[in-house]
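Asks: Spelled out from the first residue to the last, the chains are:
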Amino acid sequence: MQVTGTVLTTRRVDAYHALTVVAPGIAERYRPGHFVSVAAGGAGTSMVTRRALSIHDVKSDYGGTVELVFTVRGPGTAWLAERRARDTLDLVGPLGRPFPLPRDPVHCVLVGAEYGSAVLFPLADALLERGCRVDFVLGAASADRVFGAMRARRMAETTTLTTEDGSLGVRGRVTDALPSVIADTHADAVYACGPMESLRAVTAVAMEFDIPVQVAVEEAMACGIGVCMTCVLPVIGDDGVTRMVRACAEGPVFRGERVRFEDVGTIPFDALGAPGGGARHAG
Amino acid sequence: MSVDMRTFLAHVELANPVTTAAGCAASGRELAQFFDLHRLGALTTRSITMAPRAGRPTPRMAETPSGMLNAVGLQGPGIDAFLERELPWLAQRGIKTIVSIGGGTVAEYSELARRLADAPGVTALEVNLSCPNMEDRGRVFAREGSAAAEVIASVRSIMRYDVPVVAKLAPDVADIVAVARASVDAGADALSMINNPLGMAIDTETLRPSLAAVTGGLSGPAVLPLAVRCVWQVHAALPGVPIVGVGGVMTGQDAFQLILAGACAVGVGTALFHDPYACLRIERELEDLLRARGFQRLADAVGLAHRPPGSAPRHLLVDSEESTP
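The listed protein sequences correspond, in order, to chains A and B. The first sequence lines up with residues 1 to 283 when you count with my numbering. The second sequence lines up with residues 1 to 325 when you count with my numbering.
Simulated from the structure, these hints should not be mistaken for laboratory data. Source: prediction; values computed, not measured. From the three backbone atoms N, C-alpha and C, an ideal C-beta is built for every residue, glycine too. Do not take every clue at face value.
Pair ranges (Cβ atoms, derived) [what the hints assert, rightly or not]: (1) Tyr277(B) x Thr71(A): 24 to 34 Å; (2) His38(B) x Arg12(A): 45 to 55 Å; (3) Thr71(A) x Leu207(B): 18 to 28 Å.
Next up, chain A with everything else stripped away, as it sits in the complex (with noise of 0.2 Å):
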């Protein structure tokens, strides 16, 4: 649904931007893994996609609010980052297939690489509400680019953090310390969201100790509502059949094991579909 929701606050959380907006209709209908989709710009603009954002946080406070988290990478985002309280932003939402939540309570490990563990920390409360234990793997560049390090501290069993120049956690990357912390707490699942590459080790690791991953992709969109078909990858349905599917309708949230990591940014020659391929004339 589209809401017209009113900016409540701004905050800088290291160096990423989150923005409070009170839209209650997507509070309301939230699940962890959902997210929305923004108009930057204001009204008449000239940019003419729409901004698919992260939900960190969902309260039910003025009938419904949601954090969402972004990082400035170019007009859009950075006239986002310049909302202030009381101004409005145009949202649709809640977009995507949620994380699905195991019916017991298991061992789960969240693994979230840059600002992609925003989108964990709702999902951690599901999971605790639950009888889940949960342990968080949260990693990044550099310490300022290492989100909610502190909010995970307080809610999961164990938080490891790695950063690659060491300046804070473990020297390395997520997938570095993952293998240990998934011994060490006998973990049943794996949840993932950050860059293609981090996704890609993530699935690899957990597909080691033969255990499922769900992860969330975080790939360019102009609609968010599944109309553009521009913000496909290659994933493996339940046919074994390859297919380009929209992140944004049949994703966000993906059996790691059926992304073709390898793949993506190119149409694998076997998908259904591809130019001259094989799989042509299936389905």
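Assemble chain B onto chain A, guided by the hints.
Replies: The following block gives chain B in isolation, referenced to the frame of chain A:
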């Protein structure tokens, strides 16, 4: 007083002139989450091809000043899955559906028309002529009148007489009027213009083209003046041919420009990416504009900008109270 917004695409009546542009409404279901599709004048499908198509690699999209580039590459399910799943869904709901088709050869377009000829729920057939012609070194059909005419004549001869055939023209041609005339002579009942002109952007960080496909179709408000010019020129040359004006329509005022230039219906594309409710908003804004100008019927505004300077707009209501918004 409400304005009569009905319009005719050849002999087919649409309740209002606002349609979705081809390739901008996916299967239709995506937009149905937001509003009742019956409120559209018609829904235009993505261009359906014979085989399923995976499309182009990513990145497929780049935002540009007042527009965007896309290189989706006609990703779609293919005609079999379309007839099995997508068209019946629209037909069962009685949604007016303009089916767009795309092919690489005249034979492929003809086969698509054959498959669609007996399918229930096809309000009109739009022929996307901006596909590379495999038999002409990959040059698009729309760039030459004779190539466009060959496709249109074949499709027209196959489609049922009561389903209008609409030729979708590209602006990247030396003389769009010549291509329009060739299409109409070949049997096109209506024209749709413009398809995306080709553009390109370069990423100054990676020092590479922004799109994986290098070039892409430019859409959004940046192309509106191009669409207005094409509609104007074609309407001036072929005043009796219904035109669906498409290209960068974001507001009712943009739609009104195309109507005044000679379009009797308007396609909304990129605006849907920005605002899922764009079609409804544009229809409402257009109606308000027409009412404010004293029009009782949309049909009276079609091509009105072509009247000689100084001549009185004869269709306007004299009653001044009607002309307040």
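Asks: Please go over all the hints and tell whether each is borne out by the structure.
Replies: Results for each hint:
1. Tyr277(B) x Thr71(A): 24 to 34 Å: Given about 29 Å between the Cβ atoms, the range holds.
2. His38(B) x Arg12(A): 45 to 55 Å: holds, 47 Å
3. Thr71(A) x Leu207(B): 18 to 28 Å: holds, 22 Å
Against the hints set out earlier in the document, no violation occurs for any number.
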